[in-house]
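Enquirer: Here's the letter readout for the chains.
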Amino acid sequence: MQIIEEIKTALMAGNMNKVKEGANKALEEGLAPADIINDGLIAAMSVIGVQFKNNEIYMPEVLVAARAMHAGMDVLKPLLAGDAVQDRGTMVIGTVKGDLHDIGKNLVVMMMEGAGFKVVDLGVDVTTEKFVQAVTGHKAQIVGLSALLTSTMAQMKGTVQALEPYRGQVKVIVGGAPVTRKFADEIGADGYAPDAASAVDRVRELLGVA
Amino acid sequence: MVLIVGELINSSRKTIATAIEAKDKAYLQDLARRQADAGANVIDVNCGTSFATEAVLMAWLVDVVQDAVDLPLCIDSPNPRVLEAGLTRHRGKALVNSISAGKERWKETLPLLIGYKASVVALCMDDGGMPRSVADRLRMAEKLVPGLTAAGLPEEDIYLDPLIKPLGVDGSHGPEALESTRALREKYPRVHLISGLSNISYGLPRRRLLNRAFALMGYTLGMDAFILDPLDRPLMSLLTAANALAGRDEFCLDYIAAERAGKLLE
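These protein sequence lines are chains C and L, in that order. According to my numbering, the residues represented by the first sequence are 13 to 222, in order. According to my numbering, the residues represented by the second sequence are -18 to 247, in order.
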């Protein structure tokens, strides 16, 4: 589809207005909003994720692409009638208590939204209680914990333990510069991702969604 | 003259974490000497990735580095117990990195500064998190500077850190950092202003280029201390040149001496 390709190109170039125009044009052509989101916005964001993971593009290029994606979503989302796109799942995410780093966590938020998930971002310095409340309150299927300091990795362990009673409902994924797969296994997390694009892959695996 | 804190002995760098773990004295001492030779006035020591044993390692690291160079160290940890472990071993006047206006950190770090007569990097933040504006930073400085001086620390021993955020995350972070520098300098003519140079360039290509440009812009607006990589010769050359251009190098003698020592690089 020509128009879908145009949307993808515009999104990857971070051109917010062209993405909006493209979305409207695709609607005029009779495409379903869910298809435009899936084949246009989400597909393009996933390319961005891979390019970033491979160091082919820089962080600001991801940010501007995510902004363009949101511009497209703003046009299309109100037209959705609770179909496939919104059913991918809900993620609660935050940087653990005592840690104020948010760049990596924000990239994961963008990638997850770009992959069609609903994301509840609790921000930084998030207490274990807040994580537990949000997981139960939003009926999340996935919770993401970020830590950028060795001192706050210990906090991660406590949060994973506190989530124990809800592990039937929610999968736990962890990440952040000092976090390793080994550490993730040790504290009993379900998954570990070394970067934002991999986080999306890991979540999809854990939830068994495409 | 600009105060240069050499940043390279930091265990968030893999080679350093490995060297500290292996107690590789020779490697760490060589790196300390190279930074000193390149013009560092203070050597930062950080061993934060070894959380459980950080205090013990800090005491060891201070000894190792001060055996190699006759310079004060910048003892770098958010944990007051680790700071104290380093301070007990340190010879001369240490620079503590860091205190903030956060309640607990303030309460536990302040007595160390007074007890060991150390100077301090004071982060413009409190328990509310990172500053989001120039006004936030001024508000934090209004707690920090009077608080520290009231406790007996001279203004000359205070290094305010406005906390630099990456330009790649938000284009406003550059002007925010620079305007904060200008505003803090205007308000506190006698305190030092310090920043870690490399934060500004995170996520962008050719980071050293941005670091160098930012150093000059910050210096012009009143930044007078940097935590940086002193082995970056173009950066050090530019700062030496800037110092002369700002009229802080009488008859350009430092600049000429740097040239004689083969340190200036065009």
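Treat each hint with caution, since some may be false.
To be verified - Below, computed lysine-lysine pairings styled on DSS-like, alpha-carbon distance capped at 30 Å:
hint : chain 1 : residue 1 : chain 2 : residue 2
1    : L       : K6        : C       : K194
2    : C       : K142      : L       : K84
3    : C       : K130      : C       : K30
4    : L       : K88       : C       : K151
5    : C       : K65       : L       : K84
6    : L       : K124      : L       : K84
7    : L       : K6        : C       : K109
8    : C       : K169      : L       : K84
These aren't lab readings, by the way, just hints derived from the structure by calculation.
Enquirer: All hints, please: hold or fail.
Expert: Evaluation of the provided hints:
Annotation: proposed proximity of K6/L to K194/C holds, straight-line Cα distance about 28 Å (limit 30 Å). The hinted pair formed by K142/C and K84/L meets the criterion: a straight-line CA distance of about 22 Å does not exceed 30 Å. A distance of roughly 24 Å separates the Cα atoms of K130/C and K30/C; the hinted pair therefore holds under the 30 Å criterion. Restraint check: the Cα-Cα separation between K88/L and K151/C comes to about 40 Å, which exceeds 30 Å; the hinted pair is violated.
Taken as a hint, the K65/C and K84/L pair is broken in the structure, with Cα atoms around 39 Å apart against an allowance of 30 Å. At roughly 11 Å between alpha-carbon atoms, K124/L and K84/L fall within 30 Å of each other, so this suggested pair holds. For the hint pairing K6/L with K109/C, the CA-to-CA distance comes to about 35 Å; that exceeds 30 Å, so the pair is violated. For the hint linking K169/C to K84/L, the alpha-carbon distance of about 25 Å falls within 30 Å, and the restraint holds.
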